[in-house]
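Engineer: Chains Y and W supply the protein sequences, listed in that same order.
Numbered per my numbering, the first sequence spans residues 1 to 120.
Numbered per my numbering, the second sequence spans residues 1 to 286.
Just so you know, the hints here were simulated from the structure itself, not pulled from any lab data.
Don't be surprised by glycine CBs; every beta carbon is placed ideally from N, CA and C.
One thing to keep in mind: the hints can contain errors.
Chain W is nowhere near these chain Y residues, computed Cβ spacing over 10 Å in every case [claimed, not checked]: (1) 14; (2) 15; (3) 29; (4) 32; (5) 35; (6) 46; (7) 48; (8) 50; (9) 58; (10) 61; (11) 68; (12) 90; (13) 94.
Under 7 Å between C-beta atoms, here's a sample of chain Y residues computed to sit facing chain W [claimed, not checked]: (14) 11; (15) 12; (16) 75; (17) 76; (18) 79; (19) 82; (20) 83; (21) 87; (22) 88; (23) 100; (24) 101; (25) 105; (26) 108; (27) 109; (28) 111; (29) 115.
Below 25 Å or equal to it, Euclidean Cα-Cα: the simulated SDA-like pairs (lysine to any residue) are [claimed, not checked]: (30) Y:50 - W:70; (31) W:95 - Y:103; (32) W:37 - W:156; (33) Y:55 - W:66; (34) W:95 - Y:50; (35) Y:3 - W:180; (36) W:18 - Y:44; (37) Y:55 - Y:86; (38) Y:55 - W:68; (39) W:18 - Y:50; (40) W:18 - Y:15.
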Amino acid sequence: MSKYLMNKFLYTVDRDPELVERYREDPRGTVEWWEAERANVILNVPAAEKSSWLKLSDDEREALATHDYPALFGLGAHPFLTLTLCIAMFERDHAEPLGFQLEYAQRLSHYTMPYPDIAT
Amino acid sequence: MATVAAVIASTHHPFYYKASTSTGAERPPFADEWVAKITSFRETLTRANADVLVLVGSDHFHQLWLDNMPQFLVGKAPFYDANWYNEEREFGLPKMFFTGQEDLSAHILRDGLDAGFDLAFSNELRIDHSVTCPMITLRPEADLPIVPIYTNIFAPPLPQPKRYVQLGTMIREVVESWPSDKRVAIIGTGHLSLELGGPRQFGPHGPDPEFDRKAVEWIASGDIEKALGEVSLESLWEPGNATHGFLDFMLMMGVAGAGEKADYVDSLDLFHTMEAYFTWYPKGIK
Chain Y
1 MSKYLMNKFL YTVDRDPELV ERYREDPRGT VEWWEAERAN VILNVPAAEK SSWLKLSDDE
61 REALATHDYP ALFGLGAHPF LTLTLCIAMF ERDHAEPLGF QLEYAQRLSH YTMPYPDIAT
Chain W
1 MATVAAVIAS THHPFYYKAS TSTGAERPPF ADEWVAKITS FRETLTRANA DVLVLVGSDH
61 FHQLWLDNMP QFLVGKAPFY DANWYNEERE FGLPKMFFTG QEDLSAHILR DGLDAGFDLA
121 FSNELRIDHS VTCPMITLRP EADLPIVPIY TNIFAPPLPQ PKRYVQLGTM IREVVESWPS
181 DKRVAIIGTG HLSLELGGPR QFGPHGPDPE FDRKAVEWIA SGDIEKALGE VSLESLWEPG
241 NATHGFLDFM LMMGVAGAGE KADYVDSLDL FHTMEAYFTW YPKGIK
């Protein structure tokens, strides 16, 4: 399990406009590319000094590859990161203000307190 | 020595800028009431005649990240760029630019370290909406030099609530020992009950109106003891999964002081969170 790496994916995609679009259009391909090429690059450190051990678990990879944000919530991804990136990708598909945000809440409605642990 | 001219605690709502500047069909029905409340709140800072602003907020995974996460960080830079691409994208926030009060940053770091707070620092900090929102609401001219202070309310493990209060107390004492004749306003923003990215998000009110009612009472009356008695790192999950932002309100209660009643209190029930605004004048108003 790597909550940290799920969060790192969400964080690094969310801050890059090109990656936001790429992930919207090709989630599985983006996740596969990112895990192979970017997952181990320590942010703000030259790529040659990258880490050697970071890897998504199968359920984490599948949740990211299918835009399955309820599953990401269940796996303990940071809810702020997941929400922010999903708004960037999907709010545009909803005509009503907050339409996507309310659908998002509805799709998570089977979760009750205490929520999955987000500590990394 | 410097004078603490005002202590101000507020929620920071990134949608205020868009709501307040929109017109016609774009303008939400609650915008006029919100603008009226903010205009009144802004006057409380204007009346303080501050020369310098110390701004307490929390980075929302913009510059501070899980590979290197400070609990408490003081910006020490001559200038600060502000707001990020994803805040422009989601909230319509403009890019901003501030001058730093670097000698006060240095003073807070030195005396804060000596007072037992192992503060992190940053010499190049791009600040986010936790700091720019109060600038937009309280000082839209953005013409006063600042010292930004970031707390971690976001990425567990967090310090205990009493530590935020103690940090606030320390900030107040250290600002008052700054060898300067300047008038300093200490402004901090946080949240009442709030859910983001969870099943209770974006409801017609905040996720826990009862918590909000109690929290406003604690802050307005300066009842640090009661707040510390009822709030724990564990209990803050209950009112909403982003309610740890309340820790910055507790910090500001530490700045204002135990038992110090706020001179100005206002709130506004919005569609997914309660806004709340507090001002103290430790030395009165001239």
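Engineer: Now tell me if each hint is right for this structure.
Structural biologist: Comparing the hints with the structure gives:
1. 14: Non-interface label on residue 14 of chain Y violated, nearest chain W Cβ at 6 Å vs cutoff 10 Å.
2. 15: violated, 6 Å
3. 29: Residue 29 of chain Y clear of chain W: closest Cβ-Cβ about 22 Å, beyond 10 Å.
4. 32: holds, 23 Å
5. 35: Label holds. Min Cβ-Cβ 17 Å, cutoff 10 Å.
6. 46: With a cut-off of 10 Å, residue 46 of chain Y remains clear of chain W, as the shortest Cβ separation is near 14 Å.
7. 48: holds, 17 Å
8. 50: holds, 12 Å
9. 58: Given that every Cβ of chain W is farther than 10 Å from that of residue 58 of chain Y, nearest at about 22 Å, it holds.
10. 61: Given that every Cβ of chain W is farther than 10 Å from that of residue 61 of chain Y, nearest at about 19 Å, it holds.
11. 68: Holds, because the least Cβ-Cβ distance between residue 68 of chain Y and chain W comes to about 14 Å, which exceeds 10 Å.
12. 90: Holds: least Cβ distance 12 Å, greater than 10 Å.
13. 94: holds, 12 Å
14. 11: holds, 6 Å
15. 12: With a minimum Cβ separation of about 9 Å from chain W (threshold 7 Å), the hint on residue 12 of chain Y is violated.
16. 75: violated, 13 Å
17. 76: At about 11 Å, which exceeds the 7 Å cut-off, the nearest Cβ of chain W leaves the hint on residue 76 of chain Y violated.
18. 79: At about 3 Å, which falls below the 7 Å cut-off, the nearest Cβ of chain W leaves the hint on residue 79 of chain Y intact, so it holds.
19. 82: Interface hint status for residue 82 of chain Y: holds (5 Å vs cutoff 7 Å).
20. 83: holds, 4 Å
21. 87: holds, 6 Å
22. 88: holds, 6 Å
23. 100: Residue 100 of chain Y check fails; min Cβ-Cβ to chain W is 10 Å, beyond 7 Å.
24. 101: holds, 5 Å
25. 105: Holds: closest Cβ of chain W sits about 5 Å from residue 105 of chain Y, inside 7 Å.
26. 108: This interface hint holds because 4 Å falls under the 7 Å limit.
27. 109: holds, 5 Å
28. 111: holds, 5 Å
29. 115: Result: holds, 6 Å to nearest chain W Cβ.
30. Y:50 - W:70: This hinted pair holds, its Cα atoms lying about 22 Å apart.
31. W:95 - Y:103: violated, 30 Å
32. W:37 - W:156: Violated, at about 34 Å.
33. Y:55 - W:66: holds, 16 Å
34. W:95 - Y:50: violated, 32 Å
35. Y:3 - W:180: violated, 47 Å
36. W:18 - Y:44: violated, 33 Å
37. Y:55 - Y:86: Holds - the C-alpha atoms of residue 86 of chain Y and residue 55 of chain Y are around 22 Å apart, at most 25 Å.
38. Y:55 - W:68: Between residue 55 of chain Y and residue 68 of chain W the Cα gap is close to 19 Å, so the pair holds against 25 Å.
39. W:18 - Y:50: Given that 25 Å is the threshold and the Cα spacing comes to 41 Å, the pair is violated.
40. W:18 - Y:15: holds, 21 Å
Going down the numbered hints, you'll see the structure goes against 1, 2, 15, 16, 17, 23, 31, 32, 34, 35, 36, 39, while the others check out.
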